[in-house]
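*Asks:* Start from the sequences and build out the full structure, keeping to the hints where you can.
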Amino acid sequence: MKSKYKAMVLSCMDPRFQHLVYNYLKKKKLTGKYSAFTIAGAAVGVTQSNGAILYGPKISTFSL
Amino acid sequence: MVLSCMDPRFQHLVYNYLKKKKLTGKYSAFTIAGAAVGVTHNKFKQWHKTFYNNLATSIQLHKIEKLIVINHKDCGAAKIANGKKEFNVTNEKKIHEDSFSKLKKEIKKRFPKLKVELNLMSLESKITKF
Chain A
1 MKSKYKAMVL SCMDPRFQHL VYNYLKKKKL TGKYSAFTIA GAAVGVTQSN GAILYGPKIS
61 TFSL
Chain B
65 MVLSCMDPRF QHLVYNYLKK KKLTGKYSAF TIAGAAVGVT HNKFKQWHKT FYNNLATSIQ
125 LHKIEKLIVI NHKDCGAAKI ANGKKEFNVT NEKKIHEDSF SKLKKEIKKR FPKLKVELNL
185 MSLESKITKF
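Quick note, the sequences are listed as chains A and B, same order.
Residues 1 to 64 in the working numbering are what the first sequence lists, from first letter to last.
Residues 65 to 194 in the working numbering are what the second sequence lists, from first letter to last.
Derived from the structure by calculation, the hints contain no laboratory data.
Don't take each hint at face value.
Unchecked claim - Label-pair ranges, simulated between beta-carbon atoms:
hint, chain 1, residue 1, chain 2, residue 2, range
1, A, Thr47, B, Val153, 36 to 46 Å
2, B, Glu188, A, Lys4, 14 to 24 Å
3, B, Lys148, A, Leu20, 41 to 51 Å
4, A, Val44, B, Glu129, 21 to 31 Å
5, B, Leu187, A, Tyr24, 16 to 26 Å
6, B, Leu187, A, Lys29, 12 to 22 Å
7, B, Gly140, A, Ala43, 23 to 33 Å
8, A, Thr47, B, Glu188, 19 to 29 Å
As the list claims (entries may be wrong) - With a straight-line Cα cutoff of 30 Å, these simulated DSS-like cross-link-like pairs (lysine-lysine) come out:
hint, chain 1, residue 1, chain 2, residue 2
9, B, Lys90, A, Lys26
10, A, Lys27, B, Lys179
11, A, Lys33, B, Lys84
12, B, Lys90, A, Lys33
Idealized CB from N, CA, C, for every residue including glycine.
*Replies:* Dropping the structure here:
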């Protein structure tokens, strides 16, 4: 049976991007067809081995 | 920050609920299986630290004042948390309530200034507040 879902979207937590990502996916006709994992940094957040870079004292040097 | 579930059926419902609340562009997001269930239940223990790290990051970067939690009915993560018991409306409601209560307590301990709003959404977009 073919699934009615197409993808998981990995995206960033940044407030400036929630509607941009939503509208991009809407334009791609993916509304209702994707699950979501939203986390600081998207791919950076799930691949950076040194968590301290994202969550440690140097946090202010990063623009998320 | 909005804590909500990964479920494909709810992405546009959550987005539109927040739009209606005039919050577009004003919230950060942490989307994970089960929302509050995912960040509190023992079956998903490895996810908890990631959530609190993300919340701390958003407090620092985005100066947020509130955590808006949106769990939803017919939740797959709640089914996993339920285990081998029969998964029914009563059991699911209890899982959501427990997750809300644990999360509220933990937030009070870790981030005492942060307000918390607890919501349970249905597939018809109806919100029940806790």
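*Asks:* Quick one, are Lys90 (chain B) and Lys26 (chain A) close enough, alpha carbons at most 30 Å?
*Replies:* Given pair Lys90 (chain B), Lys26 (chain A) holds - Cα atoms ~20 Å apart, limit 30 Å.
*Asks:* Starting from the range 36 to 46 Å, see whether the pair Thr47 (chain A) and Val153 (chain B) falls in it by beta-carbon distance.
*Replies:* Given about 40 Å between the Cβ atoms, the range holds.
*Asks:* With 14 to 24 Å as the target window, see if Glu188 (chain B) and Lys4 (chain A) comply at their CB atoms.
*Replies:* The hint (14 to 24 Å, Cβ to Cβ) holds, given that Glu188 (chain B) and Lys4 (chain A) are roughly 19 Å apart.
*Asks:* Just to be sure I understand the hint, the distance between the Cβ atoms of Leu187 (chain B) and Tyr24 (chain A) should be within 16 to 26 Å; is that true here?
*Replies:* For Leu187 (chain B) and Tyr24 (chain A) the Cβ distance comes to about 24 Å; the hint holds.
*Asks:* Hint says 19 to 29 Å; check whether the CB-CB distance for Thr47 (chain A) and Glu188 (chain B) agrees.
*Replies:* With Cβ atoms ~38 Å apart, the hint is violated.
*Asks:* Taking the beta carbons of Val44 (chain A) and Glu129 (chain B), is their distance inside 21 to 31 Å?
*Replies:* holds (26 Å)
*Asks:* Is the distance from the Cβ of Leu187 (chain B) to the Cβ of Lys29 (chain A) consistent with 12 to 22 Å?
*Replies:* Holds, since Leu187 (chain B) and Lys29 (chain A) (Cβ atoms, about 21 Å apart) stay within the stated range.
*Asks:* Against the 30 Å threshold, does the CA-CA distance of Lys90 (chain B) and Lys33 (chain A) hold or violate the hint?
*Replies:* holds (25 Å)
*Asks:* Decide if the proposed pair is consistent with the structure: Lys33 (chain A) and Lys84 (chain B), CA atoms, cutoff 30 Å inclusive.
*Replies:* Satisfied, since the Cα-Cα distance of roughly 22 Å is no more than 30 Å.
*Asks:* Against the 30 Å threshold, does the CA-CA distance of Lys27 (chain A) and Lys179 (chain B) hold or violate the hint?
*Replies:* violated (34 Å)
*Asks:* Is 23 to 33 Å a correct range for the gap between the Cβ atoms of Gly140 (chain B) and Ala43 (chain A)?
*Replies:* Holds - the Cβ-Cβ distance for Gly140 (chain B) and Ala43 (chain A), about 24 Å, lies within 23 to 33 Å.
*Asks:* Starting from the hint 41 to 51 Å, judge whether the C-beta atoms of Lys148 (chain B) and Leu20 (chain A) obey it.
*Replies:* holds (42 Å)
The structure is inconsistent with the numbered hints 8, 10, although it conforms to all the rest.
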